[in-house]
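J.: My request is simple: use the sequences and hints to build the entire structure.
Taken in order, these protein sequences are the chains called A and B.
When you line the first sequence up against this note's numbering, it's residues 5 to 96, in that order.
When you line the second sequence up against this note's numbering, it's residues 60 to 484, in that order.
Don't take every hint at face value.
[Stated by the list, open to error] Computed list of lysine to any residue pairs in SDA-like fashion (alpha-carbon distance at most 25 Å, straight line):
#1 Lys142(B) - Gln52(A)
#2 Lys142(B) - Pro43(A)
#3 Lys142(B) - Gly41(A)
#4 Lys142(B) - Asp80(A)
#5 Lys219(B) - Phe328(B)
#6 Lys142(B) - Gly40(A)
#7 Lys142(B) - Ser38(A)
#8 Lys142(B) - Ala72(A)
#9 Lys142(B) - Arg39(A)
#10 Lys142(B) - Arg37(A)
#11 Lys142(B) - Ser29(A)
[Said to hold, decoys possible] So these bits of chain A aren't anywhere near chain B, every CB distance computed over 10 Å:
#12 Ala26
#13 Ala87
#14 Ala91
[Said to hold, decoys possible] With the Cβ distance kept under 10 Å, some of the chain B side facing chain A (calculated, not the full set):
#15 Asp312
#16 Met404
#17 Thr452
#18 Ile454
#19 Ala461
Honestly, the hints are just simulated from the structure, not real lab data.
Where is the CB? At the ideal position from N, CA and C, for every residue including glycine.
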Amino acid sequence: MLLVASPVEAAGDRALGAYLAAECSACHQISGRSRGGIPPIIGWPEDQFVAVLDAYRSRQRDNPVMQAVAARLSRDEIAALAAYFGALTSKP
Amino acid sequence: MKPTRRDLVAGSGALLAASTLSVPALLGQSRPRVVVVGGGPGGATAAKYLARDSQGGISVTLVEENETYQTCFHSNLYIGGFKRYDEIVHRYDTLASTYGIAIVRSRATQVDRDKSEVVLSDGRRLPYDRLVLSPGIDLNYDSVPGWSQAAEEMMPHGWKPGRQTQLIREKLDAVPDGGTIVMIAPPNPYRCPPGPYERASMFAHVLKETGRAKARIIILDPKESFSKQGVFMPDWERRYGAMIEWLGPKVHDGITSVDPKTGTVVTGFETYANCAFVNVIPAQMAGAIARDAGLAPADGYCTIDPATMKSVVDPTIVVLGDACQAGDMPKSAFSANSQAKVAAMILRGELVGAPTFPARYINTCWSMVDTDDAIKVGGRYEPRDGRIAAVETFISQPGESAEIRRQTQAENLAWYDAICADMFT
Numbered sequence: 005m006l007l008v009a010s011p012v013e014a015a016g017d018r019a020l021g022a023y024l025a026a027e028c029s030a031c032h033q034i035s036g037r038s039r040g041g042i043p044p045i046i047g048w049p050e051d052q053f054v055a056v057l058d059a060y061r062s063r064q065r066d067n068p069v070m071q072a073v074a075a076r077l078s079r080d081e082i083a084a085l086a087a088y089f090g091a092l093t094s095k096p
Numbered sequence: 060m061k062p063t064r065r066d067l068v069a070g071s072g073a074l075l076a077a078s079t080l081s082v083p084a085l086l087g088q089s090r091p092r093v094v095v096v097g098g099g100p101g102g103a104t105a106a107k108y109l110a111r112d113s114q115g116g117i118s119v120t121l122v123e124e125n126e127t128y129q130t131c132f133h134s135n136l137y138i139g140g141f142k143r144y145d146e147i148v149h150r151y152d153t154l155a156s157t158y159g160i161a162i163v164r165s166r167a168t169q170v171d172r173d174k175s176e177v178v179l180s181d182g183r184r185l186p187y188d189r190l191v192l193s194p195g196i197d198l199n200y201d202s203v204p205g206w207s208q209a210a211e212e213m214m215p216h217g218w219k220p221g222r223q224t225q226l227i228r229e230k231l232d233a234v235p236d237g238g239t240i241v242m243i244a245p246p247n248p249y250r251c252p253p254g255p256y257e258r259a260s261m262f263a264h265v266l267k268e269t270g271r272a273k274a275r276i277i278i279l280d281p282k283e284s285f286s287k288q289g290v291f292m293p294d295w296e297r298r299y300g301a302m303i304e305w306l307g308p309k310v311h312d313g314i315t316s317v318d319p320k321t322g323t324v325v326t327g328f329e330t331y332a333n334c335a336f337v338n339v340i341p342a343q344m345a346g347a348i349a350r351d352a353g354l355a356p357a358d359g360y361c362t363i364d365p366a367t368m369k370s371v372v373d374p375t376i377v378v379l380g381d382a383c384q385a386g387d388m389p390k391s392a393f394s395a396n397s398q399a400k401v402a403a404m405i406l407r408g409e410l411v412g413a414p415t416f417p418a419r420y421i422n423t424c425w426s427m428v429d430t431d432d433a434i435k436v437g438g439r440y441e442p443r444d445g446r447i448a449a450v451e452t453f454i455s456q457p458g459e460s461a462e463i464r465r466q467t468q469a470e471n472l473a474w475y476d477a478i479c480a481d482m483f484t
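T.: Set out below in C-alpha cells:
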C-alpha cells in the first residue's frame, strides 16, 4: 500500500512525474520493496534525487542503464520525478 | 457512435480538444470501454495502468484464457536451476480486486473491426471503444523441415511458457554425459533475442554442475550473428570450455531436415544422429488474432505508429509487445511493459482527457551466463522518422570484473521482482 505523504505539485508536474515514473517502475518497485541489486527510490529528499540523477548524467556514477536513463531527462523532468518519488512512502 | 478512423487520424487535434470536455459523451455512453486481449507483460501492464490511472473512468476488461501467467522471462533461470517453477508463476487476482479490472477467462478468437467487438471462443462478444491487442507470438511450425506441432513434445521449443518450459528441463536432465544437444536457433525477428544463448549457457551450467561436462551443445543458427555474441562467446569459452559450439549459416549451410523419432538433425554440412535432446526454436509471427484481423502480414508482425503504439491499419487498436514491429526495440517483456505505458497514457488522453506527453520507451535484457554472472544489453527509444529508434544504447563488455557481473545478476533478479510487481500488483 502507498500513501501520498505530501500535497501533490501542480497538476502538470504531477502528471508528467507520474508518466515518467512509469519508466522507472519496471525496475524500481514503487512500493519501495527491494531484495538488493536495484535500490528503492521512494521518499528521497528531492535535492538528493536530483543529485543522484545528475551524477549518472555526468557519468560520475557508472551504471550504464541509469546513465542511459539520465542522459535523456531534462531538468524539468528530473524535478518532476524527484517530486513524484519523493512524495511516495511505503506503509510502515 | 464511435469516432471513425478519419476522425482520429485527420482530426486528432479536434478530438483532443473535445476530449478535454467530455469524451465519454462524444462516445455516447457513460464510461469508455477498453478491451485488452492477452495477459502478458503488454496486456497486463496496459490494463493496470488504464484502470489505475483513470480511477474508474475507463471500463477495462482483460481477456486471458489462462488462470495464471507463467513468465517466459526467467524461464531459463528455472531451466538452469536458479529458480523454482512456482517462482515464475503469477496470478491476476490483484488486477481484479485492486483496480477493478474485469478479467474474462476465455480465449479471444477474432476481432470484428466493423462492429468494434472482440469475439470469444464461446461465442460471446465484447464491444470496445479501444482495443489493446497483446497476443504474443505464434510459432511457425513449417519453418524447420521435418518438425511440426506434433513433434513439439519430442523436440520441444520451450518458447511458450508452461509445459514446454518444463519439457526443456526434463530433456536436459535426461542427457547423458557425452551426449549431444542440438539447439536450432530462430531467424530474426523473434521473441527475446538473447534467450537462446542464455538458455545454452544454462544447459552448460547444469551439465557441468552435475558431472556431465563431456556433453556438448551445438547451436545451429540461421543468423550470421546474435545478440550479445561478442560477450557470450568468450564467456562460454572461459566458463564452459568446448561444451558450447555455435555454428552460423556459412558453416552449417542450412537445416536440411530433422527427424523427431530418431533425434536426427541434418544440415548441409553435417548430420547429428542420436542426439540426446534437440531444442527446435522455430520462426515466429504475431499471434493469429492480430494477423487474422488484417493488422499484420500472413507470417509477420503488426506495424504501429511509434508515437502511440496504434496499428497503422486501425487506429482504434493498439498492438503491444512481441506481436508488433517496434523498430529498434527487441521483443522482450520489458519492451512490452514500456510500450503498454505509452499506450495507456495515449488512450487515457483520448478517452478521459488526461494529459499526454511525447512517447518514450526503455528496455534492458539481462542474460545469465553462469552462477553470479550476468550480462545486459539495452537502451532508450523514441519515435524518429516513423519508427521507434534507439536514442541511447549500452551493452556489457567482455572481460568485465566478477564484481560487475555479480552486480548485473543482482539487477537481473531485482528487475524480475519489480516488473512482475509492476504488471500484477
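J.: Taking the closest Cβ pair, is Met404(B) under 10 Å from chain A?
T.: Nearest chain A Cβ about 6 Å off; hint holds.
J.: Regarding the hint that Thr452(B) lies at the interface with chain A, is the smallest CB-CB distance below 10 Å?
T.: holds (7 Å)
J.: Please settle this one: Ala26(A) was flagged as non-interface, so is its CB more than 10 Å from every CB on chain B?
T.: violated (4 Å)
J.: Can the hint on Ala461(B) be confirmed by a CB-to-CB distance to chain A that is less than 10 Å?
T.: violated (16 Å)
J.: Taking 25 Å as the top limit, are the C-alpha atoms of Lys142(B) and Asp80(A) close enough?
T.: violated (41 Å)
J.: Compute the least Cβ-Cβ separation between Ala87(A) and chain B, then decide whether it is above 10 Å.
T.: holds (15 Å)
J.: Are Lys142(B) and Pro43(A) close enough, with their CA atoms no more than 25 Å apart?
T.: Distance of about 22 Å is within 25 Å: holds.
J.: Assess, step by step, whether the Cα of Lys142(B) is no farther than 25 Å from the Cα of Gly41(A), and give holds or violated.
T.: With a Cα-Cα distance of about 17 Å, the restraint between Lys142(B) and Gly41(A) holds, given a limit of 25 Å.
J.: Are the Cα atoms of Lys142(B) and Ala72(A) separated by 25 Å or less?
T.: Roughly 29 Å separates the two Cα atoms, so the pair is violated.
J.: Hinted pair, alpha-carbon criterion (25 Å max): Lys142(B), Ser29(A). Please report holds or violated.
T.: holds (23 Å)
J.: So if I understand the rule, the pair passes when the alpha-carbon distance is 25 Å or less; does Lys142(B) with Arg37(A) pass?
T.: holds (20 Å)
J.: Run the distance test for Lys142(B) versus Gly40(A): straight-line Cα separation, threshold 25 Å.
T.: holds (17 Å)
Hint violations for this structure: numbers 1, 4, 5, 8, 12, 15, 19, all remaining hints satisfied.
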